[in-house]
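Dock chains B and C against chain W, hints included.
Residue numbers (the working numbering), protein chains in the order written: chain W, 1 to 144; chain B, 1 to 332; chain C, 1 to 664.
Treat the hints as calculated values from the structure; they're not laboratory data.
All the pointers check out, no bait thrown in.
Counterexamples of contact, computed for chain W against chain B with all Cβ distances above 10 angstroms:
hint : residue
1    : 6
2    : 28
3    : 29
4    : 30
5    : 31
6    : 110
7    : 116
8    : 122
9    : 129
10   : 130
Think about it this way: if two alpha-carbon atoms lie no more than 25 angstroms apart in a straight line, the pair counts; the simulated DMTMM-like pairs of lysine to aspartate or glutamate are:
hint : chain 1 : residue 1 : chain 2 : residue 2
11   : W       : 101       : B       : 320
12   : W       : 101       : B       : 249
13   : C       : 608       : B       : 99
14   : C       : 618       : B       : 99
15   : C       : 608       : C       : 228
16   : B       : 229       : C       : 585
17   : W       : 127       : B       : 326
18   : W       : 127       : C       : 107
19   : W       : 135       : C       : 113
Partial selection, computed: residues in chain B whose CB lies under 7 angstroms from chain C:
hint : residue
20   : 95
21   : 96
22   : 227
23   : 228
24   : 236
25   : 237
26   : 260
The beta-carbon is built from N, C-alpha and C at its ideal position, and this holds for glycine as well.
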Amino acid sequence: MQVNEFKPLIVAFCCNWCSYAGADLAGNNRLNYPADVKIIRVPCSCRVNPMFILRAFQRGADGVILCGCHPGDCHYTSGNYYTRRRMAALFSMLDFLGIEKERTRVEWVSAAEGAKFAATMNDFVEKVTALGPNKRLEDLRCKR
Amino acid sequence: MQTITRDQLLDKAVSLLADGTVTAVLGWSKGEFDYDVTPAVFKTEAELKENFVWNDFCGANFSKYLVAKMDRLEGKMLVFLKPCDTYSFNQLLTEHRFDREKVYAVGIPCEGMVDIAKVKAICGEGISSVDCGGDKLLVTTLYEEQPVEVATAEVLAERCVNCKSKKHVAYDELLGEEGEVIDSNRFDEVEKLEAMTPDERFAFWQNELSRCIRCNACRDACPACTCEKCVFDNPNSGVENKAPANSFEEKMFHIIRAYHVAGRCTDCGECSRVCPQNIPLHLLNRKFIKDMNEFYGEYQAGAEVGSRAPLVDYTTEDLEPGEVFDRRDTNA
Amino acid sequence: MQRVGVFVCWCGSNIAGTVDVQAVSEALKNEPGVVFSTNYQYMCSQAGQNMIIDAVKEHNLTGIVVCSCSPRMHEATFRKTAAAAGLNPYMVEIANIREQCSWVHKDMMTGTEKAIILGKAAVAKVNLNTPLTPGESPVTKRALVIGGGIAGIQTALDIADAGFEVDIVEKKPTIGGKMAQLDKTFPTLDCAACILTPKMVDVAQNEKIRIFSYSEVTDVKGFVGNFDVTIKKNARFVKEDICTGCGACVEKCPMKKVPNEFNLGMDNRSAIYIPFAQAVPKVATIDPNACNMLKNGKCGLCAKVCAAGAIDYTQKDEYIEEKYGAIVVATGFNPISMEKFDEFAYNQSKDVITSLEFERLTNAAGPTAGKLLRPSDHEHPHTIVFVQCVGSRCDSCAEKGKEYCSKICCMYTAKHAMLTRDKYPDTEVYVFYIDVRTPGKNFDEFYRRAVEEYGVKYVKGMVGKVTPEGKKLKVQASDLIANKQLHIDADLVVLAAAIEPDQTARPLATMLTASMDTNDFFTEAHPKLRPVESPTAGVFLSGACQGPKDIPETVSQAGAAASKVIGLLAKDKLTGNPCVASSNELMCNGCSSCERVCPYGAITYVDKEFRMPDRTTKVRRVASVNPAVCQGCGCCTVACPSGAMDLRGFANNQIMAEVDAICK
Numbered sequence: 001m002q003v004n005e006f007k008p009l010i011v012a013f014c015c016n017w018c019s020y021a022g023a024d025l026a027g028n029n030r031l032n033y034p035a036d037v038k039i040i041r042v043p044c045s046c047r048v049n050p051m052f053i054l055r056a057f058q059r060g061a062d063g064v065i066l067c068g069c070h071p072g073d074c075h076y077t078s079g080n081y082y083t084r085r086r087m088a089a090l091f092s093m094l095d096f097l098g099i100e101k102e103r104t105r106v107e108w109v110s111a112a113e114g115a116k117f118a119a120t121m122n123d124f125v126e127k128v129t130a131l132g133p134n135k136r137l138e139d140l141r142c143k144r
Numbered sequence: 001m002q003t004i005t006r007d008q009l010l011d012k013a014v015s016l017l018a019d020g021t022v023t024a025v026l027g028w029s030k031g032e033f034d035y036d037v038t039p040a041v042f043k044t045e046a047e048l049k050e051n052f053v054w055n056d057f058c059g060a061n062f063s064k065y066l067v068a069k070m071d072r073l074e075g076k077m078l079v080f081l082k083p084c085d086t087y088s089f090n091q092l093l094t095e096h097r098f099d100r101e102k103v104y105a106v107g108i109p110c111e112g113m114v115d116i117a118k119v120k121a122i123c124g125e126g127i128s129s130v131d132c133g134g135d136k137l138l139v140t141t142l143y144e145e146q147p148v149e150v151a152t153a154e155v156l157a158e159r160c161v162n163c164k165s166k167k168h169v170a171y172d173e174l175l176g177e178e179g180e181v182i183d184s185n186r187f188d189e190v191e192k193l194e195a196m197t198p199d200e201r202f203a204f205w206q207n208e209l210s211r212c213i214r215c216n217a218c219r220d221a222c223p224a225c226t227c228e229k230c231v232f233d234n235p236n237s238g239v240e241n242k243a244p245a246n247s248f249e250e251k252m253f254h255i256i257r258a259y260h261v262a263g264r265c266t267d268c269g270e271c272s273r274v275c276p277q278n279i280p281l282h283l284l285n286r287k288f289i290k291d292m293n294e295f296y297g298e299y300q301a302g303a304e305v306g307s308r309a310p311l312v313d314y315t316t317e318d319l320e321p322g323e324v325f326d327r328r329d330t331n332a
Numbered sequence: 001m002q003r004v005g006v007f008v009c010w011c012g013s014n015i016a017g018t019v020d021v022q023a024v025s026e027a028l029k030n031e032p033g034v035v036f037s038t039n040y041q042y043m044c045s046q047a048g049q050n051m052i053i054d055a056v057k058e059h060n061l062t063g064i065v066v067c068s069c070s071p072r073m074h075e076a077t078f079r080k081t082a083a084a085a086g087l088n089p090y091m092v093e094i095a096n097i098r099e100q101c102s103w104v105h106k107d108m109m110t111g112t113e114k115a116i117i118l119g120k121a122a123v124a125k126v127n128l129n130t131p132l133t134p135g136e137s138p139v140t141k142r143a144l145v146i147g148g149g150i151a152g153i154q155t156a157l158d159i160a161d162a163g164f165e166v167d168i169v170e171k172k173p174t175i176g177g178k179m180a181q182l183d184k185t186f187p188t189l190d191c192a193a194c195i196l197t198p199k200m201v202d203v204a205q206n207e208k209i210r211i212f213s214y215s216e217v218t219d220v221k222g223f224v225g226n227f228d229v230t231i232k233k234n235a236r237f238v239k240e241d242i243c244t245g246c247g248a249c250v251e252k253c254p255m256k257k258v259p260n261e262f263n264l265g266m267d268n269r270s271a272i273y274i275p276f277a278q279a280v281p282k283v284a285t286i287d288p289n290a291c292n293m294l295k296n297g298k299c300g301l302c303a304k305v306c307a308a309g310a311i312d313y314t315q316k317d318e319y320i321e322e323k324y325g326a327i328v329v330a331t332g333f334n335p336i337s338m339e340k341f342d343e344f345a346y347n348q349s350k351d352v353i354t355s356l357e358f359e360r361l362t363n364a365a366g367p368t369a370g371k372l373l374r375p376s377d378h379e380h381p382h383t384i385v386f387v388q389c390v391g392s393r394c395d396s397c398a399e400k401g402k403e404y405c406s407k408i409c410c411m412y413t414a415k416h417a418m419l420t421r422d423k424y425p426d427t428e429v430y431v432f433y434i435d436v437r438t439p440g441k442n443f444d445e446f447y448r449r450a451v452e453e454y455g456v457k458y459v460k461g462m463v464g465k466v467t468p469e470g471k472k473l474k475v476q477a478s479d480l481i482a483n484k485q486l487h488i489d490a491d492l493v494v495l496a497a498a499i500e501p502d503q504t505a506r507p508l509a510t511m512l513t514a515s516m517d518t519n520d521f522f523t524e525a526h527p528k529l530r531p532v533e534s535p536t537a538g539v540f541l542s543g544a545c546q547g548p549k550d551i552p553e554t555v556s557q558a559g560a561a562a563s564k565v566i567g568l569l570a571k572d573k574l575t576g577n578p579c580v581a582s583s584n585e586l587m588c589n590g591c592s593s594c595e596r597v598c599p600y601g602a603i604t605y606v607d608k609e610f611r612m613p614d615r616t617t618k619v620r621r622v623a624s625v626n627p628a629v630c631q632g633c634g635c636c637t638v639a640c641p642s643g644a645m646d647l648r649g650f651a652n653n654q655i656m657a658e659v660d661a662i663c664k
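The shape of chain W in the complex, shown without the other chains:
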């Protein structure tokens, strides 16, 4: 293994009811995806405050992905609808500031979609790896 190979740091926020369970299912089915993905469990995708996402970038994350129940299937009926609006606005703003749009993503993954979870993570890691390290948002003080 090459020492200098870039391994991105990916933070994935997963809602407890669908996507976290979908990630568990990916595990049950032994579907591989890169270990670069670290999952944080939240009750609902609507729990994810834009501050968490910015904080992750600030501390050196190279990509942040939010996973929630499919629209219409939210355990709390409407949480992911708010997530959808909030993240549309936030991601568009990050893009406006010149941050690469591939570093942020929202994906709806149900508890039955283990394969989709793994495929999504593989794809996301691949895209972020291609971008290289997140220089634009990293807080230099927090560098590893």
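Below, chains B and C without anything else, positioned relative to chain W:
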């Protein structure tokens, strides 16, 4: 330049004080220089006559002061509201931030306010007096014998050049003529940035935001930033920060600030007016406004009391965050 | 500072196969707060749990991190373990190093590395955990059923059967609902009254059930287990407890020209009336819009003939306040108005009727005593055209009608057609349809009998226009299979009007903070797994208020709703989820953003007095979360600009700490 005169406002304030309608007046007060007019509460006719000002530098939006200044006031407060101020006024009412019963709002027409930075760009530093009259300013500086004439139209603040409304959406009484909502070009600058490459945009904002000294003036003047305690002052919030330590801090601050006021920002432009570093902060807010107009339909915060802002609302058919970019890429 | 113990599970080789568990427990020893760290083959086993309990005692642990399988698997187990060790169960955090690490990564080095990071995040979080205690609230052991149709009746009977008190609120003078108006029921063709009225009597006689007829719910406060409901009993100008239902007043009432709503206006009733013979309660009601005595003080005949002295012209609307533990919505449906469907000439001809009107025409207690006679001239119709999907399955852009399928029309139309051919074999019966949908038990057999045994002419295609001409109705239609235009001279046209939720449903949903879809049908908590619960805790759904349903489906849903209510009322106390939102009043602006996004209506505002630093006081509006109603989604926390709103168990600083630990 202003169609309404100081005397008219003064007369109104004095008579409302005299007949007991109000017990205090929120107005603009003389500063050290002609152009640094500050908001102040006047309680007597004498105070008003002494210090009350109305000229092309009375940009301050008073709506926000109603949240803080009325706690211990017996009786009503008279507040003068320019058209753009009335939107903030309504927005704060929507958020239950002050008691409408305790306010007597007088709508006043506004022909646009002057940006002193633009004046300085023409006349240089050392301005000792500015005489606002007609459609030009007479600027006296320490270094010139003769006052310099500057056309007011050339030094209007950006927000006034792109004024979105001369219509008052809230008042108890209106002085002067009512205007109309204007189909302004306020999003042009945002569009220009959107058309750039991400690298260019990053360079643009890096240049702008790196000047930020985290003085918090934008936050303190913003009528949407009326939080009892701001997250940036709260040690438990995880984002508390007093001074910018590096290039990311101010980005985080300004993104979060813009996000927190998204859907609530009336685009009054106070943030940019008060920024000592002349950072075009209003562009961040306008980006949110423009996006939400495009994604979820036209929405003007403060146009009516009680309206539901886009971020506390949804439809089942909203576009996906990823589609935001597809949309733009196909439009481009 | 917490004293954290870390317990790394091997899960046999499930974890230990790809994660160096020893390295993980060693690495986590150095994390802040960690005073003890170990690993073991099966942490969830009795031996493993004992290991945790012993460690808590030995090392005075205040927090526990278990690096093991998914928290969805064993979080509850380890919380119990913590409780057994004398710790608060919410001082446990799980690092998911099986499903989300060892099972998805093959390389030992990366697996171990990631497991350590996940462990660090869990330690960082548990350091900020606080003991949480679920709130408890008492349960009022009484249920309210709103709507007294078959759905409400069945729900009430089932709840009462379990020994709980139930009140039914019905806006009409009698319970019974739409089913009372039906003639026969598909697919068995038993008579609706024969199976419904005994149930109505059961309701009346059940001492656990109270009926508030001619009443409506005007206000709902409170939350699951503790609803405060205001019921408005409309004045019926008859003392309900005295009236014997003898009907003498009805007979003597001189005002006999009031359109009879029970027969859909196809005949008249008197100003004082009992909707139908089997009404429950069997009590007369005076229609204040028709009664001369009430309108201008002249008459008073009914009072004179009432032997019981039950008439009371001075009666006023009465407001009753009652407490309930659970509320069942059973507000049912109505056929949509045919006003906009000009092409079928519903407004021009009396002989164009809706299917519900057809039910009344064939009902022995109906306006024609069960003889199928044309409304216009009371002659026997020889050609009848049934039109299906009138207002159902319309384009979303259409100005009239509904997008959804009304579900019941195919079957009742088959029933109408079959019964007509059975009783009047000389009648020609056409049914125009888009599709025939018969997926219920014995439904398709029923439909095929109509076609094959009874010779009903089913035509695939829509009726384009109905034109009254003399005594006939000229029906212009297309036969899509034969690909030709049909012209039929009909005597009667029956429209299978789409059904829609009752118009009282929307304001009721607002009162209950229960959500609705765009068609005003109540939304269920989960479309598949929680079909009879509304997302608002303590509010349940029965019958067509949730979506179009036939009688068997309605009854089964009513029973299901009842069993959910019984399950709730059987509890003495409700234990809430302690991971709920709470607002820091010192920071709250009272701006209402959180309230607007809360799907449960858990947030209200109170004016609270605050002491200011300068010893003065200030009254501010602040948010207050009802922990019994909050379900803990956390949507409000993000809507809150000041960060005053936070979620217990998933607090801002906890998630932030996890982010930091992962990104370190």
